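From first to last, the protein sequence lines are chains A and B.
First residue of the first sequence? That's 1 in UniProt numbering, and the numbers climb one at a time after it.
First residue of the second sequence? That's 1 in UniProt numbering, and the numbers climb one at a time after it.
Since the hints were derived computationally from the structure, they do not count as laboratory data.
A few of these clues could be false.
Capping the alpha-carbon separation at 35 angstroms, the derived lysine-lysine pairs in DSBU-like fashion look like this [to be verified]:
| # | chain 1 | residue 1 | chain 2 | residue 2 |
| --- | --- | --- | --- | --- |
| 1 | B | 158 | B | 184 |
| 2 | A | 7 | B | 206 |
| 3 | A | 7 | B | 158 |
| 4 | A | 206 | A | 7 |
Okay, the calculated bits of chain A under chain B, using three or more residues with CB under 8 angstroms as the criterion [to be verified]:
| # | region |
| --- | --- |
| 5 | 24-31 |
| 6 | 48-61 |
| 7 | 68-76 |
| 8 | 91-100 |
| 9 | 114-123 |
| 10 | 137-149 |
| 11 | 218-232 |
This structure is a prediction, so every number in the text was calculated from the model and none was measured.
Idealized CB from N, CA, C, for every residue including glycine.
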Amino acid sequence: MRAYNQKAWIFVLPVLLLVAFNALIPIMTVVNYSVQETFGDNVFFWQGLDWFEQLLRSDRFHAALGRQFLFTGLILLIEIPLGVAVALSMPRKGIWVPVCLVTMALPMLIPWNVVGAMWNIFTLPDIGLLGYFFNNVLGVSYDMTQDPLAAWITIVTMDVWHWTSLVVLLSYAGLVSIPDDYYRAARIDGASNFAVFRYIQLPKMKTVLTIAILLRFMDSFNIYTEPFVLTGGGPGNSTTLLSIDLVKIALGQFDLGPAAAMSLIYFAITLLVSWVFYSVMNNQSDEAG
Amino acid sequence: MQKRNIVSILYILFLLLPIYWLVAMSFKTTNEILAGFSLFPQTWTIENYKTIFTDPTWYWGYINSIIYVSLNTVISVCVALPAAYAFSRYRFLGDRTLFFWLLTNRMAPAAVFALPFFQLYSSVSLFDTHLAVALAHCLFNIPLAVWILEGFMASVPKELDETAYVDGYSFLRFFTTIFIPTIKAGVGVAAFFCFMFSWVELLLAKTLTAVAAKPIAAIMTKTASSAGYELGLLAAAGTLTIIPGAIVIYFVRNYIAKGFAMGRV
Numbered sequence: 001m002r003a004y005n006q007k008a009w010i011f012v013l014p015v016l017l018l019v020a021f022n023a024l025i026p027i028m029t030v031v032n033y034s035v036q037e038t039f040g041d042n043v044f045f046w047q048g049l050d051w052f053e054q055l056l057r058s059d060r061f062h063a064a065l066g067r068q069f070l071f072t073g074l075i076l077l078i079e080i081p082l083g084v085a086v087a088l089s090m091p092r093k094g095i096w097v098p099v100c101l102v103t104m105a106l107p108m109l110i111p112w113n114v115v116g117a118m119w120n121i122f123t124l125p126d127i128g129l130l131g132y133f134f135n136n137v138l139g140v141s142y143d144m145t146q147d148p149l150a151a152w153i154t155i156v157t158m159d160v161w162h163w164t165s166l167v168v169l170l171s172y173a174g175l176v177s178i179p180d181d182y183y184r185a186a187r188i189d190g191a192s193n194f195a196v197f198r199y200i201q202l203p204k205m206k207t208v209l210t211i212a213i214l215l216r217f218m219d220s221f222n223i224y225t226e227p228f229v230l231t232g233g234g235p236g237n238s239t240t241l242l243s244i245d246l247v248k249i250a251l252g253q254f255d256l257g258p259a260a261a262m263s264l265i266y267f268a269i270t271l272l273v274s275w276v277f278y279s280v281m282n283n284q285s286d287e288a289g
Numbered sequence: 001m002q003k004r005n006i007v008s009i010l011y012i013l014f015l016l017l018p019i020y021w022l023v024a025m026s027f028k029t030t031n032e033i034l035a036g037f038s039l040f041p042q043t044w045t046i047e048n049y050k051t052i053f054t055d056p057t058w059y060w061g062y063i064n065s066i067i068y069v070s071l072n073t074v075i076s077v078c079v080a081l082p083a084a085y086a087f088s089r090y091r092f093l094g095d096r097t098l099f100f101w102l103l104t105n106r107m108a109p110a111a112v113f114a115l116p117f118f119q120l121y122s123s124v125s126l127f128d129t130h131l132a133v134a135l136a137h138c139l140f141n142i143p144l145a146v147w148i149l150e151g152f153m154a155s156v157p158k159e160l161d162e163t164a165y166v167d168g169y170s171f172l173r174f175f176t177t178i179f180i181p182t183i184k185a186g187v188g189v190a191a192f193f194c195f196m197f198s199w200v201e202l203l204l205a206k207t208l209t210a211v212a213a214k215p216i217a218a219i220m221t222k223t224a225s226s227a228g229y230e231l232g233l234l235a236a237a238g239t240l241t242i243i244p245g246a247i248v249i250y251f252v253r254n255y256i257a258k259g260f261a262m263g264r265v
């Protein structure tokens with residue numbers, strides 16, 4: 001049981017100050033923009049909630065939001081099971097463990113714009129390894145600059161390549177925390193591999209998995225640099241995710257008001273979904289602890 | 001390697017394929033890359049690497065990145081340690097709310113918050129300094145560090161704290177000489193994640209710097225000019241960005257395997 005102690009605030013104070021400095025002032029600026037219209041340098045007009053109303057009714061916003069949910073949904077559906085499967089098949093002991101861990105972490109260490117650029121070249125039909133292989137060896141027509149489906153397959157594959165390792169590392173950490181005795185006991189009881197997974201490994205991985213899901217949800221929902229560098233939102237608008245649309249409005253057309261309103265709605269959606277995940281996670285750890 | 005390792009072997013091959021492509025490209029000339037497909041470099045060249053190591057704008061990009069990433073890792077871990085301790089040991093007014101609020105800071109869409117960030121850091125005259133980027137990256141790294149460290153600390157029994165007080169340790173001495181060494185695996189994991197997320201973040205780093213503290217990832221956009229992409233140079237620069245991170249993960253690899261197991265992370 002944790003003790004009540006209001007002095008704990010002193011320990012938390014540096015974190016509070018640093019994060020608040022970074023978070024509160026920018027968010028106040030964004031709220032301020034979201035209710036105003038500007039025609040030039042520092043001349044603002046009160047606009048009320050018009051931007052929010054316009055945005056919530058616009059088809060463009062609905063379409064971008066839909067694509068964003070589709071993208072995040074696909075990412076979670078592929079990366080979580082794949083990450084768990086890879087973690088299960090990784091060796092637990094020996095020299096292969098560091099080799100596996102280091103190679104798996106490699107994609108995460110490449111700056112986001114480099115990831116986009118390298119996948120762009122990698123998939124070009126004439127000169128890229130993947131593009132060349134599909135078009136000239138398999139004879140499948142594959143060009144993500146022309147075909148929306150190919151563009152979607154490419155951005156999803158890129159994200160799977162880039163971030164599944166995060167799920168693997170977290171799940172693996174959960175797996176290695178299971179004492180050998182559990183497995184021995186299960187073997188004596190004659191448990192099948194599936195039973196071991198369902199009743200020993202999965203419950204042990206539950207908390208790390210929730211964190212992996214939460215992190216992957218937040219990060220894939222906010223993804224910007226990689227798909228932007230890879231496809232630029234095209235062909236057409238087919239891969240224009242919410243964040244790409246946001247930047248187009250904010251920096252392309254310099255409509256600060258609508259862009260600010262859009263990012264606040266965006267923020268609210270992320271917050272709401274994450275809060276649901278967080279509550280679920282908290283309940284689980286309360287039961288466990 | 002046994003049969004059950006097949007999934008991870010296939011997965012590692014899938015991971016390495018684009019990386020191989022990047023490395024192979026870095027040894028080709030841009031003309032060769034654009035001329036057509038080739039699995040291996042036909043004419044090996046180290047010109048691309050030479051350019052990076054001799055041109056100050058290039059190698060200073062790496063130095064700038066390493067400076068602000070290290071600064072951020074140190075700041076994040078140092079302030080997160082006492083905070084995580086408070087969250088794991090005490091109850092106080094609004095502790096749960098605060099914990100969740102910290103988490104929400106990872107969710108702000110950086111794309112639109114970049115402009116307010118620029119205004120904020122300009123107004124406190126930190127624009128184009130390493131410290132500006134290091135502080136800005138605290139926004140998403142501190143919550144993660146607190147989160148990870150709290151998990152590790154929660155798994156250390158409270159009896160350890162009590163025994164130390166009975167033995168007459170002051171809080172500061174207990175914290176630095178007993179408690180932190182106990183959770184050093186957690187510190188390693190937290191530091192690795194801070195390093196990683198700060199190293200790959202580009203939007204804020206680019207917005208908050210102009211010349212003096214420009215990160216490597218921003219300098220790489222230079223390779224796109226009116227004459228087209230200098231793909232070989234881009235690939236070489238990209239290959240070099242993997243190295244510092246790979247070194248860091250090599251050193252914390254044991255912590256990741258062992259360390260995670262302790263906490264509820």
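Against the structure, the hints:
1. Taking the CA atoms of residue 158 of chain B and residue 184 of chain B, the gap is near 17 angstroms; set against the 35 angstroms cutoff, the hint holds.
2. For the suggested pair residue 7 of chain A and residue 206 of chain B, the alpha carbons sit about 39 angstroms apart, so the restraint of at most 35 angstroms is broken.
3. About 18 angstroms separates the Cα atoms of residue 7 of chain A and residue 158 of chain B, which keeps this hinted pair within 35 angstroms; it holds.
4. At most 35 angstroms may separate the alpha-carbon atoms for a hinted pair to count; residue 206 of chain A and residue 7 of chain A meet this at roughly 33 angstroms.
5. Taking a C-beta to C-beta cut-off of 8 angstroms, the region 24-31 of chain A contributes 5 residues in contact with chain B, enough for the three needed, and the coverage statement holds.
6. Here's how the region 48-61 of chain A fares: 0 of its residues keep a CB closer than 8 angstroms to some CB of chain B, so the rule of at least three is not met and the hint is violated.
7. Against chain B, the region 68-76 of chain A contributes 0 residues with a C-beta closer than 8 angstroms to a partner C-beta. That does not satisfy the three-residue criterion, and the hint is violated.
8. Under the rule that three or more residues need a Cβ within less than 8 angstroms of chain B, the assignment of the region 91-100 of chain A holds, with 5 such residues.
9. Under a criterion of three residues with beta carbons nearer than 8 angstroms to beta carbons of chain B, the stated coverage of the region 114-123 of chain A is upheld, 6 such residues being counted.
10. With 0 residues having a beta carbon nearer than 8 angstroms to a beta carbon of chain B, the region 137-149 of chain A misses the requirement of three or more and the stated coverage is violated.
11. Only residues whose beta carbon comes within less than 8 angstroms of a beta carbon in chain B count, and the region 218-232 of chain A has 6; three or more means the coverage holds.
Hints 2, 6, 7, 10 from the earlier list are contradicted by this structure; the remaining hints agree with it.
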